[in-house]
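Protein chains: 2
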Amino acid sequence: MINYPNKKKHNNRKIVSSANRGMNFESMINQTNDFYLNNDIAIIHKKPIPIQIVKVDYKKRSAAKIVEAYYKLPSTTDYNGIYKGKYIDFEAKETKNKTAFPIKNIHDHQVLHLTACRNHGGIAFIIIYFSTLDRIFFLDAKFVLEYYKRSKTSRKSITLKEIENHGYEITEGYRKPVDYLKVIDEHYLKKDA
Amino acid sequence: MINYPNKKKHNNRKIVSSANRGMNFESMINQTNDFYLNNDIAIIHKKPIPIQIVKVDYKKRSAAKIVEAYYKLPSTTDYNGIYKGKYIDFEAKETKNKTAFPIKNIHDHQVLHLTACRNHGGIAFIIIYFSTLDRIFFLDAKFVLEYYKRSKTSRKSITLKEIENHGYEITEGYRKPVDYLKVIDEHYLKKDA
Chain A
1 MINYPNKKKH NNRKIVSSAN RGMNFESMIN QTNDFYLNND IAIIHKKPIP IQIVKVDYKK
61 RSAAKIVEAY YKLPSTTDYN GIYKGKYIDF EAKETKNKTA FPIKNIHDHQ VLHLTACRNH
121 GGIAFIIIYF STLDRIFFLD AKFVLEYYKR SKTSRKSITL KEIENHGYEI TEGYRKPVDY
181 LKVIDEHYLK KDA
Chain B
1 MINYPNKKKH NNRKIVSSAN RGMNFESMIN QTNDFYLNND IAIIHKKPIP IQIVKVDYKK
61 RSAAKIVEAY YKLPSTTDYN GIYKGKYIDF EAKETKNKTA FPIKNIHDHQ VLHLTACRNH
121 GGIAFIIIYF STLDRIFFLD AKFVLEYYKR SKTSRKSITL KEIENHGYEI TEGYRKPVDY
181 LKVIDEHYLK KDA
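Sequence lines, in order, name chains A and B.
Counting from 1, position 29 in the first sequence corresponds to residue 29 in the numbering used here; the numbering is continuous, with no gaps.
Counting from 1, position 23 in the second sequence corresponds to residue 23 in the numbering used here; the numbering is continuous, with no gaps.
The shape of chain A in the complex, shown without the other chains (with noise of 0.2 angstroms):
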């Protein structure tokens, strides 16, 4: 496989994905959102990781220092925000797996989180990147919610040929590692039209 050493838009997945190598999967949806952000395409920002504070410092002359904290459990996503007037809001998991996503990786309330705002008349969805295999799809909170009761009394995953025939396929486009609003543009949007 060929290691281009800049990002360029190329139509086969492979090599377009090998520039990714490296990055991790969180920098690249950030790097999407500040090209969406910096181009006034979308505003969409990765929420701040819930902390319980428990103990600052504010004796020192400079900045407080937090000296205790600990992580909390996230009461929603970690992404939304706004996009041609629509609301927008999802989750970004990774898995090794290579033929299926384990249900585990998202959290009960965040089921019902993005089930929520789908009825409310948001995009709701979720991003699976299975970093093995090196493929990211998209999958609309109704499918997560579908697959999310199944695993309650039966397959605890949804396989990839699920996702490949609900989802959607994620591509890479010029400095936009993880361009799901194409996805959106495609699927959603036109739709509307």
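No lab work stands behind these hints, which were simulated from the structure alone.
Hints are not guaranteed to be accurate.
Claimed, not checked - In silico DSBU-like links for lysine-lysine, alpha-carbon gap of 35 angstroms or less:
1) B:Lys142 <-> A:Lys47
2) B:Lys142 <-> A:Lys55
3) B:Lys47 <-> B:Lys98
4) A:Lys65 <-> B:Lys152
5) A:Lys142 <-> A:Lys55
6) A:Lys46 <-> B:Lys72
7) B:Lys96 <-> A:Lys59
8) B:Lys65 <-> A:Lys72
9) B:Lys59 <-> A:Lys47
10) A:Lys156 <-> B:Lys84
11) B:Lys142 <-> A:Lys96
12) B:Lys59 <-> A:Lys104
13) A:Lys93 <-> A:Lys182
14) B:Lys152 <-> A:Lys46
15) B:Lys149 <-> B:Lys98
16) A:Lys59 <-> B:Lys72
17) A:Lys142 <-> B:Lys84
18) A:Lys104 <-> B:Lys190
19) A:Lys104 <-> A:Lys47
20) A:Lys59 <-> A:Lys72
21) A:Lys182 <-> A:Lys46
22) B:Lys59 <-> A:Lys59
23) B:Lys182 <-> A:Lys84
24) A:Lys182 <-> B:Lys55
25) A:Lys65 <-> B:Lys47
26) B:Lys182 <-> B:Lys84
27) A:Lys46 <-> B:Lys93
28) A:Lys161 <-> A:Lys182
29) A:Lys65 <-> B:Lys59
30) A:Lys96 <-> B:Lys190
We have chain A; now place chain B onto it with these hints.
Just chain B, lined up with the frame of chain A:
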């Protein structure tokens, strides 16, 4: 002034607000958002405070303990979400000033963020709490930008009179200490119909 033990809906603002005494402004907003969420009216959350984590202690058997971290400047506003299909974005600010709201209470990037959200089709605004007067106002991002620009060359605050003229006073609803969605219903969504 009568101090009602239970918060009920009254027409008299002064009696209503007495129930809020002792509750800080952020709690009032959060309680309102909880009400909206629990009654499936809107999905609006406060974003976590952004923290720069420097050192984490993983040695303990219990949860990972953050032992060195610092507050970061927020890059966006504190609150966002969805209501009746509309993207909602706002910042809540409190002032003890009785005659004007000092512009320096809002960061530059927050003004830009609110303006961008508005330009992309969202409903973006600030909520100003005049704590001494015990009056709460909703001011659209359009006016925030206008007065922010003015502050660069002229007056560094928005007068109460200007806020009264261009904003909307927010009243308390039943179990909704800061019922800002009522303003949106009356002044934003009716126009669309």
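Exercise. Is the straight-line distance between the alpha-carbon of Lys59 of chain A and that of Lys72 of chain B 35 angstroms or less?
Worked result: Answer holds: Lys59 of chain A to Lys72 of chain B is near 18 angstroms, not above 35 angstroms.
Exercise. Under the criterion that the straight-line Cα-Cα distance not exceed 35 angstroms, is the pair Lys96 of chain B, Lys59 of chain A satisfied?
Worked result: holds (27 angstroms)
Exercise. Lys182 of chain A and Lys46 of chain A: Cα distance at most 35 angstroms?
Worked result: The hint holds at about 19 angstroms.
Problem set entry | Agreement of Lys152 of chain B and Lys46 of chain A with the hint, judged by alpha carbon distance not exceeding 35 angstroms | holds (31 angstroms)
Exercise. Holds or violated: are the alpha carbons of Lys59 of chain B and Lys59 of chain A at most 35 angstroms from each other?
Worked result: holds (27 angstroms)
Exercise. Taking 35 angstroms as the top limit, are the C-alpha atoms of Lys65 of chain A and Lys152 of chain B close enough?
Worked result: holds (33 angstroms)
Exercise. Is the straight-line distance between the alpha-carbon of Lys142 of chain A and that of Lys84 of chain B 35 angstroms or less?
Worked result: holds (18 angstroms)
Problem set entry | Straight-line alpha-carbon gap Lys96 of chain A to Lys190 of chain B, limit 35 angstroms | violated (49 angstroms)
Exercise. Does Lys93 of chain B lie within 35 angstroms of Lys46 of chain A when you go C-alpha to C-alpha?
Worked result: Holds. Lys46 of chain A to Lys93 of chain B sits at ~23 angstroms (cutoff 35 angstroms).
For this session: For the pair we were handed, Lys65 of chain B and Lys72 of chain A, check the Cα-Cα distance against 35 angstroms.
Result: holds (11 angstroms)
Exercise. If you draw a straight line from the CA of Lys142 of chain B to the CA of Lys55 of chain A, is it 35 angstroms or shorter?
Worked result: Status violated; Cα separation ~39 angstroms.
Exercise. Is the Cα-Cα distance between Lys182 of chain B and Lys84 of chain B 35 angstroms or less?
Worked result: holds (12 angstroms)
Hints 2, 5, 11, 18, 24 and 30 from the earlier list are contradicted by this structure; the remaining hints agree with it.
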